Every structure is written in structure tokens, then in C-alpha cells.
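S.K.: So the sequence lines, in the order shown, correspond to chains A and B. If you read the first sequence in the numbering used here, its first letter stands for residue 1, the second for the next number, and so on. If you read the second sequence in the numbering used here, its first letter stands for residue 163, the second for the next number, and so on.
These stretches of chain A come out as covered by chain B in the derived footprint (C-beta under 8 Å, 3 or more residues):
1) 28-40
2) 47-59
3) 69-77
No lab work stands behind these hints: they were computed from the structure. Keep in mind that this is a model prediction, so the values were computed, not measured. Where is the CB? At the ideal position from N, CA and C, for every residue including glycine.
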Amino acid sequence: MAYLQKSPWIIHYDASSCNGCDIEILACLTPMYDVERFGIINTGNPKHADIFVVTGSVNEQNKYVIKNIYDQMPDPKVVVAIGVCATSGGVFRECYNVSGGVDMVIPVDVYVPGCAARPESIIDGIVKALGILEEKRTAAVMGVSREQPVPAAATEKPAGGV
Amino acid sequence: MISFFPALIFVLLAPLIGGLLSGIDRKVTAHMQGRVGPSIFQPFYDVGKLFEKENAEVNGTQRFYVISYFIFAVFTGALFFAGGDLLLVVFALTLAEVFLVLGAYAAYSPYSHVGAERELLQVMAYEPIMILSAVGIYMVTGSFAVSEILKYPMLLVVLLPGIFLGFLYALTIKLRKSPFDISTSHHAHQEIVKGVTTEFSGPNLGLIEVTHWYELVFLLGFVFLFFAANWILGIIAVIIVFLLELFIDNTNARVKWQLAVKSTWAITLVVAIVNLVVLAYVVVV
Numbered sequence: 001m002a003y004l005q006k007s008p009w010i011i012h013y014d015a016s017s018c019n020g021c022d023i024e025i026l027a028c029l030t031p032m033y034d035v036e037r038f039g040i041i042n043t044g045n046p047k048h049a050d051i052f053v054v055t056g057s058v059n060e061q062n063k064y065v066i067k068n069i070y071d072q073m074p075d076p077k078v079v080v081a082i083g084v085c086a087t088s089g090g091v092f093r094e095c096y097n098v099s100g101g102v103d104m105v106i107p108v109d110v111y112v113p114g115c116a117a118r119p120e121s122i123i124d125g126i127v128k129a130l131g132i133l134e135e136k137r138t139a140a141v142m143g144v145s146r147e148q149p150v151p152a153a154a155t156e157k158p159a160g161g162v
Numbered sequence: 163m164i165s166f167f168p169a170l171i172f173v174l175l176a177p178l179i180g181g182l183l184s185g186i187d188r189k190v191t192a193h194m195q196g197r198v199g200p201s202i203f204q205p206f207y208d209v210g211k212l213f214e215k216e217n218a219e220v221n222g223t224q225r226f227y228v229i230s231y232f233i234f235a236v237f238t239g240a241l242f243f244a245g246g247d248l249l250l251v252v253f254a255l256t257l258a259e260v261f262l263v264l265g266a267y268a269a270y271s272p273y274s275h276v277g278a279e280r281e282l283l284q285v286m287a288y289e290p291i292m293i294l295s296a297v298g299i300y301m302v303t304g305s306f307a308v309s310e311i312l313k314y315p316m317l318l319v320v321l322l323p324g325i326f327l328g329f330l331y332a333l334t335i336k337l338r339k340s341p342f343d344i345s346t347s348h349h350a351h352q353e354i355v356k357g358v359t360t361e362f363s364g365p366n367l368g369l370i371e372v373t374h375w376y377e378l379v380f381l382l383g384f385v386f387l388f389f390a391a392n393w394i395l396g397i398i399a400v401i402i403v404f405l406l407e408l409f410i411d412n413t414n415a416r417v418k419w420q421l422a423v424k425s426t427w428a429i430t431l432v433v434a435i436v437n438l439v440v441l442a443y444v445v446v447v
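Next up, chain A with everything else stripped away, as it sits in the complex (with noise of 0.2 Å):
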């Protein structure tokens, strides 16, 4: 039976973003979007989580705490970066002292962009990551290990970068 799908649990890691689409995501879970009717929790708790949702590009400071929340979530595990700074480093890519997006630290399933990112796009991102996490959760049952395919983004790293 696909439970996951039923109750996705998030956790969600501001990495030095503008607050924009941190306050787009909050807005998922007021009475106008509601996102707790499909049983989407936010749980702050990377043990209980099956959604790692990450707002603003990756900096030097923060992709160790990436990393470690990241290993901290039991699988099946999807990524999904919001926003244009965690898809790619948006407008701060070239500063010294940003990395660049999300995936350069750990993979990302599933790339909303924006800025900032609408509720609209990011409960539609989420449903794609659901649909992510059940292939991942059969292809465990069925003992195939799923090779994380490494985004393209992840190759091309700009000047500076790590």
C-alpha cells in the first residue's frame, strides 16, 4: 500500500534565503491552501520527515547543516528545493561566498522555481515529489538500488564555487 503518498511529513531548511519563499511555503499551510489536507505535515524534525523542502542558495556556512539533515532522515527521502536561489544560486550564484543551489550539496528530486516561488507552484512541486518518493519506496521493496541520477546543474560549477 502506498501510505507515503497519503502523509508526506516535510521538513523545511532555510539556507540564507530571503525569507520570500519561506513565507510562500508558511502560506501552504494557512486556511487559505490548507496543504494538512493531503496530510502534509510540517514537522521541523528531520527523524520524522519524508520531504527535506530547501528555500535559498547553499552558502559555505550552511552545507555542512545541509548535508546533516539531509542524512538524518530515514528512507524513502525526496529533496525538493523552492525557489530560484536553491535551484540554482538565482541573483547571489556568482558571490564569494554562495555554492550555488541545493544540489550541490546533497540531490534534488524536484525544482520549483521562482521568485519568490508561488503556494500554487510549491504544492505542485510537492505532489511531484510524492509521486518521486513512492517510485523510490517500490524500487527499495523490490531491492534495486535507485542510482541518484546527478543533475546537470550539479556538474557546471560556477567560478568560485565549491
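Assemble chain B onto chain A, guided by the hints.
M.R.: Structure of chain B alone, referenced to chain A:
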């Protein structure tokens, strides 16, 4: 007299009823907040999901504590519904709780430890009124056996209004509802992450969730005991108490542990002790 059939019914049906009740809880809570809310079967989906997740444990002893917590909570409820000794029921519940606390202490994590300490404070807060409830019921009915108490012809709540009020106050702690959701809460990320259950994940957390359902059914059964003479009234009372807890949960902010302990003891001391003293006087005269 211990009868095994009700105990068996409890063991089999309590997860279903408890899960549905927590589903209704989430639905009603959502409506109170102007949201649509999840399906009432959402708690079952959650637990199903948790059992599908990777079994990650922080160390070898954690699972032992979780299973012990589950077994003793089920034992508590089964003994209660079998008509067993009410005092033993109260202490078995405490033992179950202690295993949960030990499980939280087993992990080397500050959030888990803070949660465990707060859980102990909560046990300290509600334990007197739980014991006094058993004592009060004994003073009226002359028996600690639930099967004998059920045969008492009068509504216990008429003779034990103070005890009942104190029990309701402690029930908010036991059900982990605001304002007393100090040891674990979905709304305290910045404070204690998830408190006592922070370090549990996957199937272990699922088992804790199921144990909470057993506890919920047992506690509502305890509420029913106060109205046992008239079972229709009893069921209505249980429903009202449950909705009242949801209302309290949604209209209160979390308090500090100091206030939780002090206020629970104050309520216990005033209403429950006065109730017992009056009862003792009436019985003597």
C-alpha cells in the same frame, strides 16, 4: 472478577476506535481553525507510512523501550476493560509512561532529554489525581475492582464531582493537549523539536502512535466509569468530554511546566481532597 472477552475486544478494537477518534480530532481541529483538514482516516495513513519507512534506531535499546511502552499501555487498558484492579491499572499506566521516558533518555539528544524530563514532570502532575480518583471511587463503591464499580447503582459523578473535575483537568495532560502539551507537540519546533518522540522514527514512532490510541480509548473508558450507572449518559459524557478537550486544545497556548504542575496540584488539592474529606465525613456520619 476478571473477564477476558472485554479485554480481547479492547486489544482488537481500541486501535481502530482510537485512530478514528484522533482522525476526528484533526478534522474538528481543522474546522475550528477555518480549514478543511485531512480525512478522518489520516492517522491510519500516517501510521501506515511510518511502518513503510526505514527502521532507523539511535541505539539497540530504543526498540526495547518502545515495545515495553506498547505492551504496558495495552496491558493497562486490557486490565481496565477486563474489570481488574483500578489501582493496578493506574500504576501500570505509570509504568508504561516510564518506559516511554526511558526510551527518550536512551538517545543522546538534548531535545529528547528535555522532552523526557517534561514528560516526568507531567507524570508527577497528574499522578496524584489518578490515584485519588481510584481512592475516591473505592470510598464510594467499597471496591477497587472495575467489575464491581460498574455494578454500583448510582452515578459516581454525583458523589465525586470534585474528583471528576480534577480528573478532567489531568486528562488534558494525558491527551497531550494545549495548554499542557509541554513534553511533545506538533507546534513546538523551535522549542523542543518534537520533545519526547524526537529521536524515534519510522516503525518505532508508528508503534508509539498506536500506543497513544490505546491510551486514548482507556482514558475515555475511565471517564465513562464516572457515569457507569447510566451507560447512555456515559457515552454522551465521553463525547462531550472529548469535544471539550479539543475546544480547550484550540483555545489555549502552551504553558510553562511550572504552571502545569502547580495548577494541576492546586486543582487536585482543592477539589479532589475537599471532595474526599466531605465524602469521608458523610460516610462516617
